[in-house]
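Below are the chains, spelled out letter by letter.
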Amino acid sequence: MVGMNHNPATARLYELLSTVVDPEIPVLTLQDLGVLRDVSITDGEVKVSITPTYAGCPAMETMRSDIEKTLAAAGYEQVTVEQVLSPAWSTDWMTQSGREKLRKYGIAPPVNTACGRPTSQIECPQCNSTGVKLISEFGSTACKALYQCQECREPFDYFKCL
Amino acid sequence: MASLNKALLNYCIALGDDSLTLGHRLSEWCRNGPFLEEDLALTNVSLDFIGRARLFYTYAAEVEDQGRSEDDLAYLRDCRDYRNFLINELPNGDFAFTMARQLMVDTFDMGFFEGLTRSSDTTLAAIAAKAIKESRYHLRRSQDWIICLGDGTDESHERTQKAINDLWAYTAEMFEMSGEEQQLVDAGVAVDRATLKTDWTTSMQGILKQATLDIPTSDWAIGGGREGQHTEHLGFLLAELQFLQRTYPGQQW
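Sequences listed follow chains A and B, in order. Under the numbering used here, the residue at position 17 of the first sequence is numbered 6, and the numbers go up by one with no gaps. Remember, the numbering used here sits 44 above the position in the second sequence when you count from 1.
Source of the hints: derived by calculation from the structure; they are not laboratory data. Glycine included, C-beta positions come from ideal geometry on N, C-alpha and C. Any given hint could turn out to be false.
[As the list claims (entries may be wrong)] One-sided excerpt, in silico: chain A residues whose CB lies under 7 Å from chain B:
| id | residue |
| --- | --- |
| 1 | A44 |
| 2 | G45 |
| 3 | L74 |
| 4 | S75 |
| 5 | A77 |
| 6 | I124 |
| 7 | S125 |
| 8 | E126 |
| 9 | F127 |
| 10 | A131 |
| 11 | L151 |
Please build the complete structure, drawing on both the sequences and the hints.
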């Protein structure tokens, strides 16, 4: 995971940033999501790098201002939030604990790594049944698809592999 | 060197224009989709295209370095300054027309962005690496829909065939290179689009066959988008897209 080895100054920043969550899936922190790519501090100037999940992700602006507010509240006055595109974000970067949090929140976590049709079984986050049906390739946000469980009949969001 | 910079600027603007015009067209489906899930799908794809446009325009503004922003490029240029392929600005038509266009563009984007990931320009390569992941997903859906509609009822078959026929003449432009763009190809920056045609045609033949649709044989072609010569539809599109910034200059959310 990004940011595991760092000095005390950046460790403090990572700790503060661990409270910043995805505005659309507030159960995930930016670290869980793999969106937070780098944090550094030089002569009091903080630089935070984030990467978009999807090119048109409308949450980027909110994430940026949430990062700035969080760090400003902790006394960091000079903060630059930079958007990096390369390497392109992948669901592979989502942490294990992030995946677990998603499931508990009612969203099925991504099951395989490539961006093909899911080959391994997607489980219903409510009853764990693998008897699920794709309703739509797109759900309530760009990063999700809509499924329905054939056992408990609950519709649910599936976090797509990218 | 100066001319190469100018060529790069024009290249980024053209790619941004392709993404913005099609993204805008798809956004017009919002609340008009045939059913709720499809409404969401069309607008999600729209968002991907608008996101791409932002990345290309932001980079164009950086290359130009004259103080213009991504918003200036989107909202304050007129029809003749737009450089998108005509296929992207055509009105949505019915659902079959929208999906047929999507299939043609998604198939093209797969080859194009794959090539662009190898660009010597690291920003373009990074945008391409991002875009191709999304296009793969888009294509999966547009392909499924065309097969479903083509191999569906008599009505859906007929409408989809008509859409394919009507759109066909607009696809030629996607594979025509300009002298300026060739300069960028020679510099390792741009993709030689002319070389993408064979693979594109083969892919289309395969999908249309599966969809029980005929591939058009007419070689009548229409172009001019990359030179700023557009259909009458672009003006109406821009009128809606740019109204707010033209009426209240500098207005922000």
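Checklist entry - Taking the closest Cβ pair, is A/S125 under 7 Å from chain B? => result 3 Å, holds
Checklist entry - Does the nearest C-beta of chain B fall within a distance shorter than 7 Å of the C-beta of A/L151? => result 5 Å, holds
Checklist entry - Does the interface hint hold: is A/S75 within less than 7 Å of chain B, judged Cβ to Cβ? => result For A/S75, the interface hint holds, since the closest Cβ of chain B sits about 4 Å away, which is under 7 Å.
Next on the checklist: Hint A/A44 vs chain B: min CB-CB distance below 7 Å?
Outcome noted: 3 Å, holds
Checklist entry - Taking the closest Cβ pair, is A/G45 under 7 Å from chain B? => result 2 Å, holds
Item to check | Hint check: 7 Å Cβ-Cβ cutoff, A/E126 to chain B | outcome: 5 Å, holds
Next on the checklist: Would the hint on A/A77 be counted as holding, given a Cβ-Cβ threshold of 7 Å to chain B?
Outcome noted: 4 Å, holds
Checklist entry - Was the hint right that A/F127 lines chain B, CB cutoff 7 Å? => result Status holds, d = 4 Å.
Checklist entry - Taking the closest Cβ pair, is A/I124 under 7 Å from chain B? => result Because about 6 Å separates A/I124 from the closest Cβ in chain B, which is inside the 7 Å limit, the hint holds.
Checklist entry - Was the hint right that A/A131 lines chain B, CB cutoff 7 Å? => result The hint holds - A/A131 has a Cβ within 7 Å of chain B, the shortest such distance being about 5 Å.
Item to check | When the least beta-carbon distance from A/L74 to chain B is tested against 7 Å, hint result | outcome: 4 Å, holds
Consistency note: the structure conflicts with none of the earlier hints.
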